[in-house]
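Work the whole structure out from these sequences, hints included.
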Amino acid sequence: MTPRRLLLAAPALLLLPPAARASQEEMEAAMRAFTGGVTPRPGRVSMEISPLVENGNTVPLSVLVDSPMSETDRVRAIAVFNQRNPQPHVITMRFGPRAGRAVLATHIRLATSQTLLAVAAMADGSYWSDSAQVVVTLAACVEG
Amino acid sequence: MRFLLALLPLCLPAAAAERRSGFDDMAPQTQAMQRDDSANPGMLWVLEGEALWARGCASCHGDAALSMRGVAARYPAWDAATGAPIDLAGRIAQHQGAPRLARESQGLLALTAFVAHQSRGLPINPPEDARLAPARARGAALYTQRRGQLDLSCAQCHDDHAGRRLAGSTIPQAHPTGYPLYRLEWQGLGSLQRRLRGCMTGVRAEPFAYGAAEYVEIELFLARRAAGMALETPAVRP
Amino acid sequence: MARVLLNIPARAYPGDILVIRTLIQHVMETGYRPDADGVVAPRDILRRFTCTYDGEVVMEADFSPAIAANPYLTFTLTATRTGTITLRWQGDNGFDQTETRELVVV
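Residue numbers (this note's numbering), protein chains in the order written: chain A, 1 to 144; chain B, 1 to 238; chain C, 1 to 106.
The set of hints was computed from the structure by calculation and includes no laboratory data. These figures come from a predicted structure and were not determined experimentally. This list has only true hints and no planted wrong ones.
To give an idea of the interface, some chain A residues facing chain B are shown, with a C-beta separation under 10 angstroms as derived from the structure:
#  : residue
1  : I49
2  : S50
3  : L52
4  : V53
5  : E54
6  : N55
7  : N57
8  : T58
9  : P60
10 : V136
11 : A139
12 : A140
13 : C141
14 : V142
15 : E143
Note that the Cβ used here is the ideal one computed from N, Cα and C, for glycine as well.
Here it is as structure tokens:
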């Protein structure tokens with residue numbers, strides 16, 4: 001990076017959000033509050049998010065859980081957590097009997113590069129999860 | 001005429017055959033967001049503009065799908081009333097029937113987005129109006145003029161270094177194909193003038209005020225540069 | 001009233017799984033963002049989204065500030081009989097907006 005380019009990027013560096021950030025521990029605590037202390041098993045959940053994000057303000061995210069959604073074998077809820085936003089919780093979605101599939105798609109915010117965790121709560125009391133690593137690149141021309 | 005011919009090289013970028021919209025350089029998920037009207041947040045402003053149109057504009061202009069098709073592709077245009085060029089938002093804001101709408105207000109952005117949306121997919125088609133030539137020439141000069149503490153011109157980034165990377169972003173070729181557009185950085189809809197102001201503060205220059213003649217001059221130059229490229233309003237950009 | 005963009009099928013067969021796509025105009029101010037003067041803007045977010053179909057809850061969602069401005073949400077429901085699909089967004093500062101769509105099941 002030439003000095004001039006560094007100078008152009010400087011406002012972006014200054015604009016980084018303040019140090020208020022969640023941590024791995026906070027993310028896990030939020031996750032355990034959702035599961036009632038149970039550690040979810042990896043599997044059945046697939047979270048889709050781009051590994052490289054060009055702007056953290058609006059990041060497409062989708063979660064799909066492998067479930068027949070029958071009366072007995074169904075997903076009660078999906079929750080998504082993050083490691084490095086100011087708060088570890090992103091979204092929780094609870095499904096009634098008329099939900100078609102255990103799926104959600106939304107746009108989320110990512111303050112910086114971090115790990116995301118999606119957890120599904122099943123009707124049988126089991127919990128399943130998927131995680132993803134996302135790199136948020138630093139934009140040059142931010143508006144101060 | 002000789003003056004106009006002298007301008008011609010400025011109007012045709014070196015790689016005219018390889019002109020790229022900012023769309024082409026975005027991440028696939030941002031492209032998908034723009035393509036999908038159910039996920040493109042800019043469509044919320046188009047919807048808002050549609051409601052404003054029904055209240056204030058339709059009584060004279062009728063069905064926008066018919067009356068406004070192709071209109072945005074021809075702006076900036078000559079405004080006989082003021083004897084100066086005017087951009088689309090300026091034209092809408094000066095209308096008799098419309099409520100007083102300030103530059104960059106949500107209402108004006110919404111109406112501009114709705115009108116421009118009627119031209120989505122149509123080629124940018126700057127009018128062949130000799131009265132616009134002096135302003136366009138001033139726009140070309142502004143585009144190549146170094147400014148700000150960083151002493152950079154538009155051309156140095158957007159012609160000389162287009163396609164290269166500045167931090168995590170690809171430097172676009174500066175073709176205004178999708179305005180007003182939803183910028184993820186803004187978390188909202190904004191005009192080309194807002195974008196130009198962002199560039200100016202980026203190089204530490206004092207930006208012109210909203211609605212300044214200089215912006216319309218640059219817009220005229222950029223529209224000629226992007227002539228023939230398809231309008232995308234409401235575009236999404238990072 | 002916030003502008004809402006909905007993509008919901010109007011007709012379906014019994015047993016069809018319908019994709020419901022929603023977009024609503026809202027700043028989703030996080031409560032962490034300082035303005036130009038360094039003053040942090042107070043939080044103003046949507047906190048709860050509920051979808052009911054024929055009076056029964058299809059799903060409900062809790063949002064944190066990590067949901068992007070102009071919240072986008074897609075989910076599915078199983079069509080059973082003709083009825084009303086109700087979508088409700090609730091949030092800070094008394095935000096409460098409801099949209100309804102009729103679904104015809106043939």
